[in-house]
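Student: Assemble the whole structure, with the sequences as input and the hints as a guide.
The chain contents come next:
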Amino acid sequence: MQLNAILVTQNVFNGIMVGGLYALIAVGYTMVYGILRLINFAHGDIMMMGIYFAFYGVILMRMPTILGIVFAILATALLGFVVDRVAYKPLRNAPRISALITAIGMSFFLESFAVVVFGANYKSFLQVLGKNKAFVFKTFKLGGVIIPQITFVVIGITIVALLILFYIVYRTKIGMAMRAISADIPTTSLMGINVDLVIGFTFALGSAFAAIAGIMWAMRYPNFYPYTGFMPGLKAFIAAVFGGIGSLQGAVLGGFLLGIIEVMLITFFPSLMQYRDAFAFLILIIILLIKPSGLLGKKSIEKV
Amino acid sequence: MKKVVVALLVLIISLLTFGVIKIGVVLPMTGGISAFGELVWEGVQLAHEEMPKVLGEDVTLVLVDNRSEKIEAANAVSRAIDKEGVVAIIGQVASSHSLAGGQIAETKGVPMLSPSSTNPLVTQGKKFVSRVCFIDPFQGGALAVFASDLLGVKKVAVFVDIEQDYSVGLTNFFIDRFKKSGGQVKKIYYKTGDQEFSAQITQALAFGADAILVTGYYPEIALVAQQAKMLGFTGYFLAGDGADAPELVQIGGEAVEGLFFTTHFHPDANVTERSKRFVNEFVRKYKKKPSALAALGYDAYMILMEAISRVGKADPKLIAEAVRSIKNFEGATGIITIDENGNALKSVIVDVVKNGEFAFQTVIQPDQILGK
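Protein chains in written order, with the UniProt record's numbering: chain D, 1 to 304; chain U, 1 to 372.
The hints are simulated quantities; they were obtained by calculation from the structure and are not laboratory data. There are no misleading hints in this set.
In silico DSBU-like cross-links for lysine-lysine, where the CA-CA straight-line distance does not exceed 35 Å: (1) LYS289/U <-> LYS22/U; (2) LYS229/U <-> LYS131/D; (3) LYS354/U <-> LYS133/D; (4) LYS141/D <-> LYS229/U.
Stretch-level coverage of chain D by chain U, calculated; a stretch enters the list once three of its residues show a Cβ under 8 Å from a Cβ in chain U: (5) 4-17; (6) 122-128; (7) 131-140; (8) 221-229.
All figures in this text were calculated on a predicted structure; none of them were measured in a lab. Even glycine gets a Cβ: it sits at the ideal position worked out from N, Cα and C.
Tutor: And the structure:
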């Protein structure tokens, strides 16, 4: 097949679309890591729970779409807070590997919980959108290149989300506490700061972003089931490492780049299209070999 | 005293079981694809209600659950034969389950009749395993005939799920037949669980496809249709019986309107007199329209009864032979002929999605597929 300018441009935009979603998920992912140095492998599953909250808020509790989404964000934030209290808080002083294993356990738990409570079958997010579903399918045409409206929505929400985050982290008291904790937990607690509350708040905030990302994800891909969070969670992890885990700007950059690279590899090597997920892991390996701290990551000195 | 009680019990049991023909029904009643098992069971029960006796003896159905698992699918067949003493088995739904269970039925010499396993391997090299549904080469051929002869399509982009034998097989059989009609094909790969297809769809558009065929299952079919429409694709959408689930419309919404798919049965198709009767009876009993799987379950039972009555006694080996000698049997899903390999030759139904419902489009006859 011949490569032409339109095909390539179209796929760049397709990549931006996917990358925007990765970026949005990676922001929440990297935030928890930045504060706690914890790879929260359950992040993708918290995102999945966010989708279910929106679904049941609208379907069972008959909320209007917007209210259902707000409800989902709040419920997911609460879930994040509870997850931290139940699973991570008891391990605050344990070796980091224990917390990592607990995070993987939490991921399995949330998936199995969803299978038991919500059922293993696919559900459709279009039911949540109701009359608003046409909004998801609107597209713009720019000289032969077609861009779905939702691309702009995803990018817009990512920007707004980042602005809110930066405001919280750099302009508020709790943000200052978060930064202090990321530097040194024991000393921070000596300063009279309720460390557990601040960490709980961080989880709630990260989970709220997971819910927003999940809802965006479900608008683009309306079929969801209890394992929906698995792949996006993994991709967001790769994006976060790519951009420099712990760095918010890095997560966004990593997300967009990962999306674009994935799509462009298929564009230039169509015969490899079934290995698309493998490319993502290849990128992870390469970045870990060449620049382990990621593109925008700071080189941190390990305390011995 | 004890001996008398035992003797009495034995007498009662033998009286109760005297003149009873036991038929095993091995289906997934729990687990991942339990929804499919329930649908088949509805059809089998209806058929049993309509014909509760054969050779003047009562037929007893023994339902055994395979828990949607491959290993349990084999165990369930053993249990039905050894513990329950069934003379024949109706089952199973998924091809992989029928493959596992069929091996046991073959060794023990008891006929097994699958209502819905379409993979060619299920009956290959076996004497006792047969089926009442068409096989994938047939379905792929029907799709090709429909695309080239009825829609006039010249270039098809086929989305192949590399993780499903069903999809890979169906694709190859489609391509064989479609190329004979002078069509061009481009294969596009994905795997189960993929959600983002825009890069692949862009390739299909660059190929100039006037139809997109997705040979996998409904979650991906729905997403491909959605994303292809968003990227400006205006041609036809085609799929196999993997699309035949109400979730297709729930997930796909308006994007799957106009999608054509091949399947086994549609309540409005009225392919035979018996289909009409079956639909009426089904609606009366269950207060809803029958699914393709229910119709296949019904046909499996009826063909088994026909085979037993031809043999004249409940002998498993003779029943297995009789099943394979069935010609032009009028079933609910069509006129069924079972060939010497145990595969059903029958018409293929094409449905179209219209106003969020599956509407009957047309029937493709076996000679249309095999001809040319």
